[in-house]
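A.B. asks: Sequence:
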Amino acid sequence: MRILIAICLLFAFPAFACGPDTDCKVGDRHYRIALPQGHDGTGSIGALVWSHGYRGSANGVMRNRALRRMVSNAGLALIAANGVNGTWDLPYGPRTFDSTGAAEFAYFDAVIADATANHNIDPGRIIASGFSAGGMMVWNLACSHPEKFAGFIPMSGTFWMRPPPRCAVPVSSVVHIHGNADKTVPLTGRTILETKQGRVDEALKMYKEFGQFGAAIETDVGSLTCRQRDNTKGEILDFCLFSGGHSFRTEHLQYGINRLKAAGKI
355 MRILIAICLL FAFPAFACGP DTDCKVGDRH YRIALPQGHD GTGSIGALVW SHGYRGSANG
415 VMRNRALRRM VSNAGLALIA ANGVNGTWDL PYGPRTFDST GAAEFAYFDA VIADATANHN
475 IDPGRIIASG FSAGGMMVWN LACSHPEKFA GFIPMSGTFW MRPPPRCAVP VSSVVHIHGN
535 ADKTVPLTGR TILETKQGRV DEALKMYKEF GQFGAAIETD VGSLTCRQRD NTKGEILDFC
595 LFSGGHSFRT EHLQYGINRL KAAGKI
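For the sequence shown, the working numbering begins at 355 and goes up steadily by one.
Any given hint might turn out to be false.
Below, in silico cross-link-like pairs of lysine-lysine (DSS-like), each with a Cα-Cα straight-line distance of 30 Å or less [as the list claims (entries may be wrong)]:
1) K550 / K537
2) K502 / K587
3) K537 / K562
4) K502 / K550
5) K587 / K550
6) K502 / K559
7) K559 / K587
8) K550 / K562
Computed beta-carbon distance windows for the label pairs [unchecked claim]:
9) D555 / G598: 14 to 22 Å
10) D463 / A371: 16 to 24 Å
11) N585 / T545: 18 to 26 Å
12) N612 / N585: 14 to 22 Å
13) Y408 / T604: 15 to 23 Å
14) A464 / P374: 36 to 44 Å
15) A456 / T545: 20 to 28 Å
To be clear, the hints were calculated from the coordinates, so they are not data collected in a lab. Quantities reported herein were computed from a predicted structural model and do not represent experimental measurements. Glycine residues also receive a C-beta, built at the ideal position from the N, C-alpha and C atoms.
Kindly generate the complete structure, drawing on both the sequences and the hints.
C.D. replies: Dropping the structure here:
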């Protein structure tokens, strides 16, 4: 009888077979998810969708215990998106120069639909973040696919070549974080194969005008020096620099999460 009950439960709840150590299948791709420590599965929660860097993976993200602990302490689920062969299909990127990014946007749609249906994620409290190539993915989501996210935290990554001439609505909140001595993704970009990384200041200028963000307030928060802006709709646009190169620190992501929480986004 116990075996029969166990089998019935297994087939009754197939979605919960996936998690931080096993893949959650969406079509021919997958993601992984870690719920906050102590969460019993009842009651909806917010989530951070993380895009890994070049040659990364969702599995690798889940091995980052410091990241998982920080996101859990923030009361959020960590959803690790997984690129194809360790990379993202982005407009003007190396080997993806003519891409529109549509395949990636459809993938993130599928991830969000699956996570909200099977893991009790609140669709109104999902934010996106990522580092390096993952930060580039986040900027593209912010501009071309903003409606599924409450805010964005791109870290050490921007658009390839240049920002698009316009973004899709609604205007959202963006907290961009970057090292002032980054040589992998320099603030002014660098040439790679037939393309070039974009300038961070051009992305910020475009988004400032698009969102009608006001004058900047300069402030220091821990190791970050930030220029904070807001608009009349309650959205924020932050540009934060730290002394150093191409590196990820959980304390910087924590700043971004705190800013979006203070703005009432999650």
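A.B. asks: Compare the structure with each hint and give your call.
C.D. replies: Evaluated hints:
1. With a CA separation close to 13 Å, the supplied pair K550 and K537 stays within the 30 Å bound.
2. Straight-line distance between C-alpha atoms of K502 and K587 comes to about 18 Å, which keeps the hinted pair within the 30 Å bound.
3. Of the supplied pair hints, the one linking K537 and K562 holds, its CA atoms being roughly 25 Å apart against a limit of 30 Å.
4. With a C-alpha separation of about 28 Å, the suggested pairing of K502 with K550 holds against the 30 Å cut-off.
5. Straight-line distance between C-alpha atoms of K587 and K550 comes to about 34 Å, which puts the hinted pair past the 30 Å bound.
6. The straight-line distance between the Cα atoms of K502 and K559 is roughly 23 Å, inside the 30 Å bound, and the hint therefore holds.
7. This hinted pair checks out: K559 and K587 have alpha carbons roughly 18 Å apart, not beyond 30 Å.
8. For the hint pairing K550 with K562, the CA-to-CA distance comes to about 22 Å; that is within 30 Å, so the pair holds.
9. Look at D555 against G598: about 19 Å separates their beta carbons, and that is inside 14 to 22 Å.
10. Checked against the hint of 16 to 24 Å, the C-beta distance between D463 and A371 comes to roughly 22 Å, which is consistent with it.
11. Checked against the hint of 18 to 26 Å, the C-beta distance between N585 and T545 comes to roughly 34 Å, which is inconsistent with it.
12. Evaluation of the 14 to 22 Å hint for N612 and N585 yields a pass: the beta carbon distance comes to about 19 Å.
13. Here the CB-CB span from Y408 to T604 is close to 20 Å, well matched to the stated 15 to 23 Å.
14. Range check, A464 to P374: Cβ separation about 19 Å, and the 36 to 44 Å hint is violated.
15. A hinted range of 20 to 28 Å holds for the C-beta pair A456 and T545, which are about 26 Å apart.
Going through the hint list in order, the structure does not satisfy hints 5, 11, 14.
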